[in-house]
Every structure is written in structure tokens, then in C-alpha cells.
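Asks: Below are the chains, spelled out letter by letter.
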Amino acid sequence: MTLAKLQPGARAIVRKVSGAPELLRRLMELGFVPGTTVTLVRRAPMGDPIELRLRGTHFSIRNTEADRIDVDPF
Amino acid sequence: MSIPSDLVELLPARERRRAEEPARRTRRKLVAIAGGPNCGKSTLFNRLTGLRQKVANYPGVTVEKKAGFVTLPSGRRIELLDLPGTYSLRPGSPDEVVVRDVLLGVQNSTPLPDLTLLVLDSTCLDRQLYLCMQLIEIGRPVVVALNMMDTAHEEGLDVNAALLGRAVGAPVIPISGRTGSGLRELREAMDRDVPPPRPVTRTLAEPIQEAAERLARVLPSAGPLVGLNRFHVAMALLLDEGEDDSLMRAVPHVVRREVVALRARLDEQVPEWRSHEPIGHYRAIEDLVRRSTLRLRPERSARERIDRVLTHRIWGPILFAGLMAVIFQSIFLWATPLMDGIDWSVNAAGRIIGPLLPAGPIRSLVVDGAIAGVGAVVTFVPQIAILFLFISLMEDSGYLARAAFIMDRLMRGVGLSGRAFIPLLSSFACAIPGIMATRTIDNRRDRLTTILIAPFMSCSARLPVYALLIGAFIPNRMVFGFVSLPGLVLFSLYAMGIMAAVGVAWVLKRTALRGPRPLYVMELPPYRVPQWRSVLLTVRDRAGLFVQKAGTVILAVSIVLWFLASYPKNAEVKPLEKRLQTAEAQGLHAQVVQIQNEISGVSLRDSFAGRAGRLIEPVIAPLGFDWKIGIALLSSFAAREVMVSTMATVYNLGDADQTSVSLREKLRHAENPATGARAYSPLMALSLMVFFVLACQCMSTVAVVRRETNSWTWPIFMVVMMNAMAWIASFVVFQGGRALGLG
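Order-wise, the sequence lines are chains A and B.
For the first sequence, my numbering begins at 11 and goes up steadily by one.
For the second sequence, my numbering begins at 9 and goes up steadily by one.
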């Protein structure tokens with residue numbers, strides 16, 4: 011299951027991030043490393059992008075990127 | 009496994025330089041401020057430096073270099089450098105390349121800082137410590153400012169600064185940039201000689217460790233990068249894979265070859281070796297955060313309640329639209345009295361200074377050239393100030409990120425991100441503040457695309473032109489029974505500009521500005537009450553930079569345009585001046601005005617600008633324009649609305665504006681001297697308006713694009729592209745209309 015498919019309010023644990031090396035590195039540096047808890051806070055009014063909570067910080071990423079992050083839902 | 013001690017080359021760099029280059033001894037201590045976006049870095053910088061700041065560009069890039077001076081408790085003055093906000097030292101954008109290059113001492117024009125002041129937001133230490141881990145690894149002295157400690161306490165979080173300090177081997181000082189607490193201790197810490205920090209032990213897979221050590225051994229022992237931790241430099245070289253990276257260029261060819269070979273080997277041995285650094289750092293960080301922070305009560309913050317409204321499915325967009333309406337109205341309307349005031353002052357200055365100078369070329373140069381040129385610059389300041397007042401309020405409060413969050417999906421339709429919306433909307437008032445507002449777009453290609461399409465938005469300077477031509481040529485009748493034709497034409501002109509912008513963005517994103525799809529990650533920071541001091545400093549900076557950098561170009565072009573419109577002097581003027589003197593002596597006021605208007609008309613028609621108008625007539629004739637309009641097109645490069653007063657001068661009407669009935673009449677009844685037929689038709693008016701929608705008729709836009717892109721390439725590209733589009737579109741309208749029998 012990927013992060014993009016979570017329901018608003020749901021929590022999950024990052025399992026694996028895939029994609030081009032540059033993209034992968036950026037996501038990892040922001041804290042998307044395996045084992046991290048992430049919450050999908052809400053979707054934007056038009057359904058995309060999404061707001062995430064990760065390591066105490068809120069981020070907005072697009073669905074295409076969120077689709078590259080494999081998670082295990084709680 | 010920890011970093012081997014034999015590779016940690018920690019040199020007292022300042023001592024060494026002192027021995028090598030005695031000239032450098034007088035150099036001030038340089039302290040660089042680093043930190044993540046939204047960590048309160050700029051507020052702290054403003055607090056420390058006060059108003060003694062200077063802003064410039066790093067050479068060759070559009071990244072701004074902000075520096076200031078601070079007096080430390082010992083009385084010593086140091087230079088403080090505010091680096092762009094960054095999450096990591098591994099660069100992904102031009103901003104981040106600059107941060108890394110400055111901190112590693114390979115940035116041209118900026119010496120290696122003697123000390124780095126790292127600002128961390130205490131309320132989310134977890135992610136903030138990532139940059140800290142990388143920074144202490146460099147092996148240069150660091151002082152850590154734990155910012156927003158007051159907010160952390162309010163939110164029920166406590167941080168043990170002493171423990172954190174022992175762990176990273178650097179002084180850690182709790183501060184609040186907002187209230188100013190802890191700043192005395194911070195200044196004292198910067199005054200002391202800080203020993204280099206101790207890198208936190210971390211684990212790396214065997215092959216990566218080996219590769220980095222191997223690379224560290226072949227690094228040169230002279231030149232830049234000496235005095236830094238060699239292991240860190242080796243890791244930076246391996247991981248920073250940007251095309252034509254400046255760090256790679258700073259090392260000898262042999263090292264570069266080794267880097268490429270080692271990367272290839274690592275790709276084989278450990279396919280995911282690039283993720284080992286973040287994983288390792290975060291493991292160390294989690295441990296550090298567990299030991300040094302204490303949650304006193306469960307987290308409770310206002311952001312969720314506010315966000316539930318501001319990013320609500322229905323209320324979010326409505327509130328956003330309302331706010332945009334207020335901003336737009338402010339730039340459009342509230343700036344008008346200020347701009348009128350400036351206009352009045354400029355005219356008054358001309359009236360006062362003019363008579364002090366001898367009549368003739370000198371007076372004309374000062375009044376019509378220099379003073380009018382200064383007026384052309386200053387007139388933009390109210391709009392710039394108002395827009396940046398709103399933008400910095402939105403940015404500092406945290407709303408700007410929410411606005412981008414709401415608008416992202418819509419703007420993606422043209423290949424841009426949510427951040428492009430506000431600059432483009434502002435451009436309907438004026439492209440100058442709009443283009444300056446593209447600073448909030450972090451992706452370089454998106455920012456350039458936005459800059460290049462912003463001038464297509466019909467700005468307030470085009471309105472007088474539209475008003476004159478619609479008033480003169482478009483019959484005031486209803487179409488479909490309820491739509492007024494003039495209104496429909498005006499609406500179509502605005503719509504045409506938007507469509508041109510969308511089309512150009514679409515093409516640019518697939519050609520000149522094509523590139524790998526950037527990663528759109530945007531932090532949604534907590535809401536904070538904006539600091540007036542910071543907001544007003546931003547407004548002052550933006551207005552000041554515009555006047556200094558773009559203003560000089562605008563002033564120079566104004567004077568050139570004045571010269572072209574005033575010289576050479578015409579022989580016909582002499583008899584007219586004689587008649588003027590007689591009329592003045594007889595006190596015939598109406599005649600005086602008429603003769604003065606004739607003199608202006610004759611002078612302009614026979615000036616270089618007038619001759620150029622005739623010269624370009626063959627080029628613009630297929631669009632339906634004669635040489636008189638040619639003059640107006642050329643002189644409206646000073647500003648689009650100048651077209652109206654130029655037409656008035658050409659037709660001996662003096663200083664008429666777009667509502668002048670006589671000017672409209674003159675245009676309607678103007679004759680073509682060769683054929684005796686009407687010179688202008690409604691079709692020509694349409695063609696001319698289309699030209700004004702698309703053409704880059706504004707030297708101030710060119711000057712500000714030059715300033716914001718730090719190059720002449722893009723402004724020249726913009727002028728050529730826009731004017732070519734304008735010519736083609738007007739050609740299609742005029743010739744197509746004629747073929748359909750409308751002309």
C-alpha cells in the first residue's frame with residue numbers, strides 16, 4: 011500500500027521509498043526513512059496535493075510522489 | 009563504525025592563514041548563519057544586524073547574498089552572512105549549492121566562514137537536527153542557536169541544551185528571536201574562539217566507509233577544502249551528483265576520476281548506497297532527541313483548528329479568493345493616490361527646478377529627462393511596497409504555504425506549482441511587483457517560466473490605451489441583447505493575455521525550460537504572529553533593491569528616450585516660437601496653448617523618434633499602423649500609457665488623456681495623406697489593442713527581469729518573443745479582418 015492511498019487522519023509506517031536517486035535522496039533527507047511514522051492529515055480542496063505529518067513537521071507533497079512511498083498502515 | 013581519527017584534519021585555519029597571508033589579518037571575522045526554512049533565521053539575522061544590512065547576488069546565480077555587521081560584547085565587529093534556508097547540505101537547488109559552497113569555502117567571492125551559527129527550531133528538533141549532523145561533520149567551528157524555545161515551552165516541550173551541546177561538541181544556546189531572550193549569551197558565544205565540533209558517531213556500510221576513506225586519502229593537501237574534515241569532503245563528492253557541480257570543479261582531475269569510479273563501484277556493490285547517509289543520520293538523531301528532549305504535556309497547538317478552516321474544502325478556497333481580492337484591490341486602487349502624489353511631486357519638482365535653469369536643452373534634459381525618469385522609477389514603489397507588505401505578512405504568518413497548497417492543483421494545469429499564483433495575479437495590476445514576487449518560487453525553471461509569462465497579464469498601464477481606442481472606435485451597443493460591445497472587447501483583451509501566458513508556459517516547459525520533474529515538497533509551517541520589524545524590513549529591502557538595481561536602468565533609458573524625442577531640433581520651430589512670443593505679449597491665452605502644442609507636435613514628428621516611426625512604417629504597415637502610431641509604439645517603451653500622450657502630442661493636442669473627446673475625434677477623423685481616406689478604422693484599433701496585449705512595451709519590466717534573473721539573456725529573449733507574438737497576432741487580426749471585408 012502506498013502513502014497516496016491512505017485516508018485522511020490515518021497513520022502508517024514508512025516501509026520503502028522508491029524512485030530516481032535524486033528524488034529518493036530528497037525524500038529520505040526530509041525524514042522519509044524506513045520505520046518512520048507518518049500521518050495523512052488532509053487532502054487539498056481539489057484532492058491533490060496532500061498534507062502529511064512526519065517527525066513533528068507538516069509537509070505537502072503531490073500524489074505522484076506519495077505513490078512512491080510504500081507504507082504499512084496501523 | 010566511527011569516522012577514523014586520522015582522517016579528521018582539524019586545523020586552526022585562522023592561525024595558518026595569518027602566517028601565510030599577513031594581508032588577511034585585517035579581515036573581519038565572518039560568521040555564516042545556516043538553518044532550515046522557517047526556523048526563524050531571518051528574524052534572528054535582522055535582530056542581530058539591525059538596519060545595517062546589504063543585499064547583493066552571488067556571482068552568476070539569482071541567489072541573494074544578504075550580509076550585515078554585528079558588534080560583539082568585546083567591541084569587535086564581525087560580518088554576518090545570512091545563508092538561504094536549507095534542509096540539507098547535499099544540494100538540490102541553486103540556493104542549496106550556494107549554502108554548501110560557502111560552508112566548504114569553494115564559493116567564489118566569499119571566504120570560508122570562521123564560524124557557522126546554526127539556527128534550529130526547537131519545536132521540531134527531530135528534522136532540524138539533520139542539517140546539524142552534516143554541519144558538524146565539516147569540522148569547522150559551530151555555535152547552535154536553539155530558537156523558539158519560548159514557543160516550545162508553551163507547547164509543552166523542553167530541550168536539554170547542555171546535553172545536546174555535549175553530544176555535538178558545540179555550544180548550544182537557547183534563544184528566542186521573537187522576544188530577544190538569549191541573544192546576549194549568543195553574542196558572547198560568537199565572541200569566544202569556538203573549538204571545532206565533534207562528529208556524532210554513525211554507522212555506514214563497509215563498502216561506503218571504504219570508498220569514502222579511499223577518496224579522502226587522494227584529496228589534495230593544498231588549495232580549497234584544506235582545513236575541513238576530509239571524510240566529509242569525500243562523502244560530499246560522492247553524493248553531490250548535480251550536473252557540472254561546483255564542488256567537483258574545485259578538485260583536481262585525478263580526484264574527479266576517482267569519484268566517478270567509486271560511484272560506479274558502489275552502484276554495483278550496494279545499489280541503495282545513497283540512502284545510507286540519511287538513514288544513518290536519522291538513527292543518530294532519534295537517539296539524540298530521545299535523550300535531550302522532554303515532553304511535559306501532550307502536544308496541543310492551534311494549527312489544526314486554524315487549518316480546519318483555512319484549508320477546508322469549501323471555506324479554504326473562498327477565504328483565499330477573498331484575500332486575493334483585497335490584495336488585488338490594494339495594488340490596483342490603494343496605490344493610486346500614492347502614485348498620483350508621486351506624479352504631482354515630480355511635476356512640482358519640475359516646475360520649481362525648471363525656472364532655476366536657463367531655458368533650452370539643459371532645462372529640458374533636467375525636467376523632461378532626469379526628473380521625469382526618476383518619477384518613472386519612484387511611481388512603482390507604492391505597488392511594490394503594498395504587494396510585499398501582504399506577501400511578507402502571509403509568509404511570516406505561515407499562510408503563504410497554505411495558499412500554495414490550495415492552488416497547486418489548478419496551477420499544475422500549466423506546468424507550474426501553487427506558488428506561481430500570487431505573482432501572476434499581482435501582474436494584472438503591474439508586472440513589476442509580480443515579477444519580484446516570484447522569489448517565493450523555489451524551483452528555478454518554474455520561477456523563470458512565471459517571470460516570462462507575467463507580462464502577458466494585462467496590467468493597469470494598458471488600461472488607458474484600451475480605454476482610448478475602445479472609446480474612439482468601438483461602437484457602444486449591445487450584443488446578444490445584454491452584453492455591451494466595449495465591455496466584451498475589454499474582457500476579450502484580458503482573456504487573450506491569459507491564454508497567451510498559458511500557451512507560452514506550455515511551450516517553455518517543453519522546450520527551453522524542460523527538465524526533470526522537480527520534487528514538490530513544501531513545509532506547512534505552524535502559524536505564527538508576524539513580526540512587524542521583519543515585515544517592514546522586507547518591504548524596505550524590496551523597494552530599495554528595485555530603486556537601486558532596476559531604477560538605474562529605467563532612469564538611463566528614460567534619458568535616452570527623452571533625447572530621441574527632443575532631437576534634432578526642427579527649423580520650423582523658429583517661426584512658431586516667434587508667433588508664440590507675440591501671442592504671449594498680447595495675452596492671447598488660447599492661442600498660446602495652441603502654438604505650444606504645435607511646437608511639441610512639430611518637434612516630436614521631426615525628432616529621431618519621429619524619424620524612427622517613419623523608418624519602421626513598412627514593418628508595421630501590414631498591421632494597419634502608420635508612422636504616427638509607430639512613434640507612439642516606440643515612445644511607449646517608457647511605459648505603455650505614454651502611448652496616449654504621444655498620440656495627443658503628434659496630433660498637436662498637448663497633454664490630452666484617454667478620456668479626451670478631441671483626441672478621440674482626431675483619431676476617428678484622421679486622414680491618410682496619400683489617399684485621403686480615413687487613416688484608422690475599428691479594425692486597426694483592434695489590431696493595435698492586440699499588439700498592446702502581447703508586446704513587451706515596458707522598459708521597467710525589462711529592467712526588473714534583468715535584475716531578477718541576473719542576466720541579459722532572459723530579458724532579451726522575452727522582448728523578442730513577446731514582440732514577435734504581438735506582430736504575428738496583429739497581422740492575423742488586421743489582414744484576416746480585411747480579407748473578411750471588415751476593414
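Be careful, since some hints might not be right.
[Unchecked claim] Derived list of chain A stretches under chain B, where covered just means 3 residues or more per stretch with a C-beta under 8 Å from a C-beta of chain B: (1) 11-25; (2) 49-58; (3) 70-82.
[As the list claims (entries may be wrong)] Label-pair distances were calculated between CB atoms; the ranges are: (4) B/D348 x A/Q17: 47 to 57 Å; (5) A/S28 x B/E294: 19 to 29 Å; (6) A/K15 x B/I326: 27 to 37 Å; (7) B/G744 x A/S28: 48 to 58 Å; (8) A/G57 x B/A333: 21 to 31 Å.
[Stated by the list, open to error] Counterexamples of contact, computed for chain B against chain A with all Cβ distances above 10 Å: (9) A230; (10) A258; (11) P524; (12) P534.
Hints listed in this document are in silico derivations from the structure and should not be mistaken for laboratory results.
Glycine is no exception: its CB is placed at the ideal position from the N, C-alpha and C atoms.
Asks: Which hints from the list above does the structure break, by number from lowest to highest?
Replies: 1, 11 and 12
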